[in-house]
Every structure is written in structure tokens, then in C-alpha cells.
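Enquirer: Sequence:
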Amino acid sequence: MAWTDERVEELKKLWSEGLSASQIAKQLGGVTRNAVIGKVHRLGLSGRATPSRPARRPAKPSRPRTTTASIEPVRAARPAPSVPAAPLTAPMEPAVLPSGEFATVLTLKDSMCKWPIGDPSQSSFRFCGRKADPSAAYCDAHANMAYQPSQKRRRTGEAAAALNSITATRRYNF
DNA sequence: CCCTGATTCGC
DNA sequence: GCGAATCAGG
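Taking the numbering used here, the leading residue of the first sequence gets 7, the next gets one more, and so forth.
Rather than coming from a laboratory, the hints here were simulated on the basis of the structure.
Beta carbons are placed, not taken as given, at the ideal position from N, Cα and C, and that holds for glycine.
One should not assume that every hint holds.
[Unchecked claim] Result set (EDC-like, lysine to aspartate or glutamate): computed pairs, CA atoms no more than 20 Å apart in a straight line:
id	residue 1	residue 2
1	K115	D139
2	K120	D146
3	K137	E107
4	K32	E16
5	K120	D139
6	K120	E107
7	K32	E15
8	K32	D11
9	K115	D146
10	K137	D116
11	K32	E12
[As the list claims (entries may be wrong)] Ranges of calculated distance between the beta carbons of each label pair, as one might list FRET restraints:
id	residue 1	residue 2	range
12	S26	F131	50 to 60 Å
13	R39	T10	13 to 23 Å
14	S26	S129	52 to 62 Å
15	E107	P140	16 to 26 Å
16	T38	Q128	51 to 61 Å
17	L112	Y153	54 to 64 Å
18	S26	G50	14 to 24 Å
19	Y153	S28	43 to 53 Å
20	Q29	Q128	48 to 58 Å
21	P126	K32	51 to 61 Å
22	S127	Q29	50 to 60 Å
23	T113	S141	12 to 22 Å
24	H47	S127	10 to 20 Å
25	K32	S127	51 to 61 Å
Throw the hints in and build the complete structure from the sequences for me.
Expert: In C-alpha cells, the structure reads:
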């Protein structure tokens, strides 16, 4: 489709009325919004109530044209971080301490499981408090939940138990 | 992701 | 001159 005098006139009209390039292109038909914009610039009637043009762009270096179509080296795939989500709820009940109380921020010891239970903003907030390796954050059961959140189905057998134990004992630095 | 105009440059 | 590709924003 060529830019006949009529089409150019229509373009000027619509452009002056504030229609967007894509809208003008759609109305004229047979042209894309890029064609409209290009024509607008060539006609020298750019500017207007330009919604988006805060600052002057320095200009682009150079752009490889599609004709040459040299295949650029593919960017390396981004490895997924896959950080285990921090547990917000705990299915297990907090352990009762020898003192008869639950583990709170004040009574929690290094050797106790630090799995949060309840709403931290509430006074009823406790920790699991079960026996845990001093270097580990959680007891074995909660370590499994924390470090294997998407475990579909618990495997059975000594081999699986050994694997779970190993995983639960692993150290994590944050 | 949708949209906007702006710019470059092979054709 | 044309406009696709691309850019820089909203």
C-alpha cells in the first residue's frame, strides 16, 4: 500500500487529532504503526502531545539488520536458584519443655529446634523446641520439611531413611 | 505483557 | 521514501 495524497492527508488529520500511530494504522489499513510513525517523521509533523518522551535519547549505536541474519551466540541458561521456602506453618505441636513451658525466643537454646509455630505477632508464638543438633536449625522431622518441601511421597526402607537422615543433618549457611 | 513514540538503516 | 526491527519508556 502506497502513501497516496489522500492517505497522507488522512494521516495528517488523524495524527493532528491525537490518535496514536497504531490507531491510525488500523484505520488506514494496509500499514503498520511503524509505517505510520515513519511517515509522520518524514512529513516532519512529529511531536504533538507526546505522552512518552521525557528525555532525549542519545541514539543507538548500530543494529545488525535481519538480512545478514548472523546468529548470535545463545545466552547461557539461567540456573534456577530454587531456595526452599521458609515454613510459615508447622503441622507438629511445640514440645513441652522440662520447665513446663513452650520454647519461646527467650527459652530457645542452640540445641533446640527453631521451627516456628504460630503467628510471630501473637504471644502464643512458639518454637518446636525438640532436640536438635546445636549446629542445625531444626530437629530431624522439621529439617526434612524445611529442606525437602516438595517431597511428593516419603520413601521407605533403610536406604531412604539414611538419605533422609543425611539430608536432615546437613549444615546450611545463610 | 500491554501500550506509546523515536530511531536506525537495509532495502 | 519506506518501514521492520529495535529501543526507551509508561
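Enquirer: Going through the numbered hints above, which ones does this structure break? Give me the numbers in ascending order.
Expert: 17 and 24
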